[in-house]
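Visitor: Residue numbers (the numbering used here): 19 to 71.
Just so you know, not all the hints are guaranteed correct.
DSBU-like cross-link-like pairs, simulated, lysine-lysine; straight-line CA separation at most 35 angstroms [stated by the list, open to error]:
#1 Lys36 <-> Lys67
#2 Lys39 <-> Lys54
#3 Lys47 <-> Lys36
#4 Lys47 <-> Lys67
#5 Lys54 <-> Lys67
#6 Lys54 <-> Lys32
#7 Lys53 <-> Lys67
#8 Lys39 <-> Lys67
#9 Lys39 <-> Lys53
#10 Lys47 <-> Lys32
#11 Lys36 <-> Lys54
Between beta-carbon pairs, the in silico distance windows are [unchecked claim]:
#12 Asp65 <-> Asp21: 23 to 29 angstroms
#13 Glu35 <-> Asp65: 25 to 31 angstroms
#14 His57 <-> Glu28: 42 to 48 angstroms
#15 Ser56 <-> Lys36: 39 to 45 angstroms
#16 Lys67 <-> Glu27: 29 to 35 angstroms
Keep in mind that the hints were calculated from the coordinates and are not lab data. Predicted, not measured: the structure shown is a model, and the values here were computed from it. Even for Gly, the Cβ is constructed at its ideal location relative to N, Cα and C.
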Amino acid sequence: MTDLLEDAEEDLMKFYEKGNKAAGTRARKSLMELKKLSHEIRQEIQDIKNNEL
């Protein structure tokens, strides 16, 4: 997760500071992967909480 965030941050800097459109595309892809991973982790946490009851 940390690696994805670092990659996204690096590409966002390239996009905003240098206008690199390809970096913007890569940043969007990394952010989407972060969203998916976050959703999976949230679901796993919820499942663990529900099974403890």
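Visitor: Would you list, in rising numerical order, the hints stated earlier that this structure does not obey?
Guide: 1, 8, 13, 14, 15
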